[in-house]
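J.: Sequence:
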Amino acid sequence: MSTYPISPALLSKPIIHPTLDTPLDLGSLTLKNRVVMASLTRNRGVVSNPVNATYYAQRASTGLIVSEGTLVTPQGTEWIDCPGLYDERTTAGWTNTVAEVHKAGGVIFAQLWHLGRVCHPHLQANVPNVGPSAVKAQGGKFRLLQGQPGYVTPVAIEKPQAYAMLYRHAAENARRAGFDGVELHAANGYLVNQFIDSKSNVRTDAYGGSPENRARFALEIIDHLIAVYGADRVGIKLSPSGGYNDMQGGEPDLPTYTYLVTQLAHRGIAYVQVTRYLDDFSAGGAKVDVLALGQLLKNSTTKFLVNGGFDAAEAELWVKQGKADAIVFGRPILATPDFKDRAIRGVQPNTDLKFNEFYVPKDNNPALGYTDYPFYQDGKVE
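The numbering of the sequence shown is the numbering used here, which starts it at 26 and goes up by one.
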């Protein structure tokens, strides 16, 4: 079922990547294919709105949509117009968007997000930035606001359990809004990743030091999410190579990731999504063998999803060879609403990404650079 125009000319082309087009049992859900839409911050509204609904529903032909990072508290962002799931208004906004995705035949998880020490200090309602420890991230280039004063030294969180409850509350709101499940954002140098990484976490209590302790915060949140949704509707995103937002990653933190993934497998969550090393995204980090982490899931029901610079041909090979259960795509789906149908047929996605409109709508029109990317039209590539 789709309410958006998949070209008959496209559908008439032969399928050359058939494995990507096979169903996948994901917990209690059956995904219609192995193409997953990554979480992609677009800065189009604190409260999800009709243009957001159109954007996601256009892309509902993918097996699974993971929403853009969605805040568990308004004091947790570096973005002016990033959506949340922390109160009645933000929850109600998502309800229509989720309904439109379902109407178009899609499955959508909410990605739950807190940025921790890399929040913009001017967007914290006069409360301090927080992190696992009072360790400042190096850098400070914020996307839309002035970079100064850059990243600041955070206040160490005294009671991580209270922050874990923010994620539970957001999951409860996600369920009320109709999301099919939730994904914990534990990657890319944000709050949960900051607890995992030994560079940003120098605590000496039960949340720091050993791999078991540095994984504790993530697992406590996962247990809250399971309590709300059930294990088979919960996923997590990890980036063990580090780099982004001044994360160390690599070999020093691999024991923590190994322990964490093993515990996630025991819990039987729906999936673990791992981002592999990318030169432009993981600079400053170190390459990690993501397949070794995937092997930790082999004897569990938890599926292994991999993200990071795939094209359709490589994605087909990874799934066909059993390296991953599904592949997560970002920018190609951002720019190509019918990406799945092009990918399985080896048809080029749109190439005009409109970088200048990723986060700042042209002429203050949120649809531009968002819902105006073209569907396939008789071989024309934009």
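Accuracy of the hints is not assured; some may be wrong.
Calculated cross-link-like contacts (lysine-lysine; reagent style DSS-like; alpha-carbon spacing at most 25 Å) [claimed, not checked]:
no.: 1; residue 1: Lys-312; residue 2: Lys-57
no.: 2; residue 1: Lys-379; residue 2: Lys-166
no.: 3; residue 1: Lys-312; residue 2: Lys-323
no.: 4; residue 1: Lys-184; residue 2: Lys-128
no.: 5; residue 1: Lys-348; residue 2: Lys-166
no.: 6; residue 1: Lys-161; residue 2: Lys-128
no.: 7; residue 1: Lys-224; residue 2: Lys-312
no.: 8; residue 1: Lys-38; residue 2: Lys-345
no.: 9; residue 1: Lys-379; residue 2: Lys-348
no.: 10; residue 1: Lys-184; residue 2: Lys-224
no.: 11; residue 1: Lys-128; residue 2: Lys-57
no.: 12; residue 1: Lys-57; residue 2: Lys-323
In case anyone wonders, no lab produced these hints; they're calculated from the structure.
J.: Now tell me, hint by hint, if it's right for this structure.
T.: Against the structure, the hints:
1. Taken as a hint, the Lys-312 and Lys-57 pair is broken in the structure, with Cα atoms around 32 Å apart against an allowance of 25 Å.
2. At most 25 Å may separate the alpha-carbon atoms for a hinted pair to count; Lys-379 and Lys-166 meet this at roughly 21 Å.
3. Distance hint between Lys-312 and Lys-323 is fulfilled; the C-alpha atoms sit about 22 Å from each other, no more than 25 Å.
4. Among the hinted pairs, Lys-184 with Lys-128 is inconsistent with the structure: their alpha-carbon atoms are about 41 Å apart, more than 25 Å.
5. Pair hint Lys-348 plus Lys-166 does not hold up; C-alpha atoms about 36 Å apart against a cutoff of 25 Å.
6. Distance check on the hinted pair: Lys-161 and Lys-128 sit about 45 Å apart at the alpha-carbon level, beyond 25 Å; violated.
7. Pair hint Lys-224 plus Lys-312 holds up; C-alpha atoms about 16 Å apart against a cutoff of 25 Å.
8. A distance of roughly 21 Å separates the Cα atoms of Lys-38 and Lys-345; the hinted pair therefore holds under the 25 Å criterion.
9. Only pairs whose Cα atoms come within 25 Å are accepted, and Lys-379 paired with Lys-348 is rejected, the gap being roughly 32 Å.
10. Distance hint between Lys-184 and Lys-224 is fulfilled; the C-alpha atoms sit about 20 Å from each other, no more than 25 Å.
11. At roughly 15 Å between alpha-carbon atoms, Lys-128 and Lys-57 fall within 25 Å of each other, so this suggested pair holds.
12. Between the alpha carbons of Lys-57 and Lys-323 the distance comes to roughly 22 Å, so the proposed pair stays at or under 25 Å and holds.
Checked against the numbered hints given earlier, the structure breaks hints 1, 4, 5, 6, 9 and satisfies all the rest.
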